[in-house]
Amino acid sequence: MATVYIGGAAGFAGDRSDAGVPLAAALAKCDGPRFLMYEMLAERTLALCQIERRKNPQHGYSPALERMLTPVLAPCLAAGIKIVGNFGAANPQAAARKLAAMAGAQKLRPPRIAVVEGDDLSGVLTREELAACETGGALLKTAREIVSANVYLGARPIADALDQGADIVVTGRVADSALALGTLLHAFEWRAADWDKLAAGTMAGHLLECGAQVTGGYFADPGCKDVPDLAHVGYPIAEVGDGGGIVMTKPDGTGGVVNRLTVIEQLLYEIHDPSAYLAPDVVLDLMNVEVAEIGNDRVRVTGARGKPAPDTLKATVCVDGGLLGEAEISYAGPGAAARAQLAADVIRRRVGEKAPNLRIRVDAIGAVSILGATDAPPALRDDGPQDVRLRFAAQSSDRAEIDVMLDEVEALYCAGPAGGAGVRRRVTPRLASTSCLIERRYTRPRVTMLEPS
Amino acid sequence: MTCRLRDVANARSGDKGNCLNIALVCRDPADYAAVAKAVTVERVREAFAARKPTQVVRYDLPKLAAFNFVLDNVLEGGVNSSLGLDGHGKSLSFLLLDMPID
Numbered sequence: 001m002a003t004v005y006i007g008g009a010a011g012f013a014g015d016r017s018d019a020g021v022p023l024a025a026a027l028a029k030c031d032g033p034r035f036l037m038y039e040m041l042a043e044r045t046l047a048l049c050q051i052e053r054r055k056n057p058q059h060g061y062s063p064a065l066e067r068m069l070t071p072v073l074a075p076c077l078a079a080g081i082k083i084v085g086n087f088g089a090a091n092p093q094a095a096a097r098k099l100a101a102m103a104g105a106q107k108l109r110p111p112r113i114a115v116v117e118g119d120d121l122s123g124v125l126t127r128e129e130l131a132a133c134e135t136g137g138a139l140l141k142t143a144r145e146i147v148s149a150n151v152y153l154g155a156r157p158i159a160d161a162l163d164q165g166a167d168i169v170v171t172g173r174v175a176d177s178a179l180a181l182g183t184l185l186h187a188f189e190w191r192a193a194d195w196d197k198l199a200a201g202t203m204a205g206h207l208l209e210c211g212a213q214v215t216g217g218y219f220a221d222p223g224c225k226d227v228p229d230l231a232h233v234g235y236p237i238a239e240v241g242d243g244g245g246i247v248m249t250k251p252d253g254t255g256g257v258v259n260r261l262t263v264i265e266q267l268l269y270e271i272h273d274p275s276a277y278l279a280p281d282v283v284l285d286l287m288n289v290e291v292a293e294i295g296n297d298r299v300r301v302t303g304a305r306g307k308p309a310p311d312t313l314k315a316t317v318c319v320d321g322g323l324l325g326e327a328e329i330s331y332a333g334p335g336a337a338a339r340a341q342l343a344a345d346v347i348r349r350r351v352g353e354k355a356p357n358l359r360i361r362v363d364a365i366g367a368v369s370i371l372g373a374t375d376a377p378p379a380l381r382d383d384g385p386q387d388v389r390l391r392f393a394a395q396s397s398d399r400a401e402i403d404v405m406l407d408e409v410e411a412l413y414c415a416g417p418a419g420g421a422g423v424r425r426r427v428t429p430r431l432a433s434t435s436c437l438i439e440r441r442y443t444r445p446r447v448t449m450l451e452p453s
Numbered sequence: 001m002t003c004r005l006r007d008v009a010n011a012r013s014g015d016k017g018n019c020l021n022i023a024l025v026c027r028d029p030a031d032y033a034a035v036a037k038a039v040t041v042e043r044v045r046e047a048f049a050a051r052k053p054t055q056v057v058r059y060d061l062p063k064l065a066a067f068n069f070v071l072d073n074v075l076e077g078g079v080n081s082s083l084g085l086d087g088h089g090k091s092l093s094f095l096l097l098d099m100p101i102d
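Quick mapping for you: the protein sequence lines, in order, are chains A and B.
Mapped onto our numbering, the consecutive letters of the first sequence carry residue numbers 1 to 453.
Mapped onto our numbering, the consecutive letters of the second sequence carry residue numbers 1 to 102.
Fair warning: there could be bad hints in the mix.
[Stated by the list, open to error] Far from chain A by the CB rule (all over 10 angstroms, computed), these chain B residues:
(1) Thr2
(2) Val41
(3) Met99
[As the list claims (entries may be wrong)] Derived, one-sided and incomplete: chain B residues facing chain A with beta-carbon distance under 7 angstroms:
(4) Asn10
(5) Arg12
(6) Asn21
(7) Ala23
(8) Val25
(9) Ala33
(10) Tyr59
(11) Lys63
(12) Leu64
(13) Ala66
(14) Asn68
(15) Val70
(16) Asn80
(17) Leu83
(18) Leu85
Honestly, the hints are just simulated from the structure, not real lab data.
The C-beta atom is built at its ideal place from N, Cα and C for all residues, glycine as well.
So that you can see chain B by itself, here it is in the shape it has in the complex (with noise of 0.2 angstroms):
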């Protein structure tokens, strides 16, 4: 059965300079595995290709049933020099959330 990533897991953006970071923590550590499994480096940098990232990392907390990302240059220059109205990147946890999973 497919759903999305938002059903199951907790997102949250946070920026430092031009890099987003998005811990991404499930709802029910139970799941930790098939997440691990469906959220990988290359269908995040996908679900972001249009911020042109420069690199993706994902950084796995198994005790916390927890991951973090960290996208590389996405906020056009970051929250001082970002045209968009979200400098931050603080919405973009739920372009993460979006993403379907079996």
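Isolated chain A (complex conformation) (with noise of 0.2 angstroms):
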């Protein structure tokens, strides 16, 4: 068999939904198995997916699932695209019945819909037994409640609903890039000892798993690196052979760019030593990888390395992070800095008299927010920006406490500087993760068709 095509459509739940049309237009044209992936499934994500299923057992899939799969689910069936994705979330069997419904709507085709489980540790394993295996600190140890414990899923689930016949795999948590290399196990009937092959399957799925970070997308710097019409970027295609050979690429007509810089800015996002990425299904060791410009918007991309998989899963545990509380005014015009740092002052005085237990944050939006200490107050200079934006931030669990800082920069309007203008508040509800390793025997990864209704 000579190539694999695997679009990368999204890279994140809030990716634009129009980007995989292209995608399946160009992969329509292309000769060999075809997949449009789906990465939607951030650490925070999943925890408020739990949240919903919790609420109402018909929920949990992705809130994106409907954005982001009615424009592509037509063209995909009728050129026999197939689909693989993770918005299945806290609850994939609920996200194949929703997807069944939405071809149905469309009068498609019934699409033969595939189910992966197995990821959802909780009723698995109890909150001591996840945090006698956290790796890296002890929140686990005093979390009152376990809001959603997922472990990384590989790659084989996957490839065994597509050698089932699947036109769109569900997931919920499983490794991003095993969105990939589950098609490339299957298409090419891999091995699990291929280390070698793993690693490129894998390293392919790290370069689209991103979707237009790889294509020009978190590159464009005008004057230092230029990216042509970023506004229709076009999102990526991994061209992968047998031999585990890639070419990155995109489609035809659509903006962005495709080169050694974008590729290897892409292939070394959040990886920590490169010589031993850690998934599921194997050991990707980058430091042999080469980067060659072979074409116009297309890079290869050799020399994967793979190493045994290890013996353990990851999986990431969320809890109850209690509540982050913000707030912001503005200064501007002639005295601004001045200004805002006795509002900071004033703040911190009465909030520190009223609530003391509340540790602050102060910034000063456009002079020191983002790349200064991150513990002091910002210090202001009379001869400072004339136009900014404070904002004040805190965390507790008690609603009490946070409520004081915000009426507190509220009050500033009447009682604060002179011309305080444009205050905002908000509380989100937050939550903390953290990482444990599982070993595999407490994992029963499964694979399930989605009944004809």
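Put the complex together from the two separate chains, hints included.
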């Protein structure tokens, strides 16, 4: 078999819903097995979905499912492009039923939809058992309640689902790169110990899993790194050969760029030790990878090496993280910096008196908010900016404490320095997360086909 | 002649919990040795001193003319705990790119 084509249509749940359309059109013209991959499940996203599922057992799949998949269902089913995505989130079965209903509403032939489960550890391991395998922290020892606990499954169940004839594979938590590797295990019948091939497939998945981040997104820097037509950036296609060779490209007629630099930036994105990137199916070694521009928006990536898969699987566990309170107010014109400084001092004094245990962070947006010191209050110079937006932030599980800060910022309108403008305030529930290493015997990945209704 | 790292290299930030990685890629692979000499672990630690990294590691990837820096415990707890606006550390690649080099 010559080449497998995989399009990377989403890098997160908030990604563009029209990104998959040019990919599906380009894949429809390719000769060989073709797949469209959706990575939509950040750590926090899954925990939020778990909360939704508890409220309503029919919910808990990605809230972006309908928005993201509606535009591509018809072209993919017509051209035989298989769809693989982790949009099942905390409820893959419900996502599959939703997809069947969406296809029905569009009067398409009923797709064969497979569901991959077994990532959810709630009911499998207790809080104490999870706490015993937590890495790099002790969040779970004291946590009141586990919101979600999901292990990163590997590529095999995805391949099994495709082997069973699925048009669409719905997963919950799987390793992002496994969404691509699963299609390759299916198409090429790679074996579990073909480490270098598994490494190449994992690398292809890693390059695809953030969508436009390999084609000019999260890259453009005018004057240094110009990207043509970023507004219509094309999302990536990986062309993968049986031997593990990869060419990264994008659909003709789209914006963006695929070159040595876009590919290397994404290759190392969120990587720690590049000689040992741990995935469920293989340990990926990037030290001998080479990247070569072989044509317009075509980059060959070779040299991934694989080492045997780790004994344990990573799990992400989310617990209640209290509330984040944020309030903002602006000062502009002559003396803005000094007035903002005074406002910050007033808030620190008053909140210090009324809620002494609340740690407040103060940012001066536009002056010192991102790259400055993290703890010290911003020191604004008298000749500083004439347009300062102050931001106050605090975290607590006590709503009353948060409200003290928010109310004090709002009161600056009448009782603070001159010209305080545009107060905005909000409270966001937070989830804290941590990682555990789970023995494989605790996980039972399983594949089921959705029964036609 | 002194210039900024941004004049010769690209950088991209990524997060894992409270740890930050920054991939640094030479725009011209011929600059690799000079960048390797200039952008030492000590200088990166200095550039990020305000965030008090507990460990800074540089991985060298000569075949890609690239480096991967990993800075531990610099994201104020990470995206789910930080009180700051950039809990992912996405903008922090530009703190590195602002470094003067010869």
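_Of the numbered hints stated earlier in the document, which are not met by this structure?_
Going through the list in order, the structure violates hint 9 alone and respects the others.
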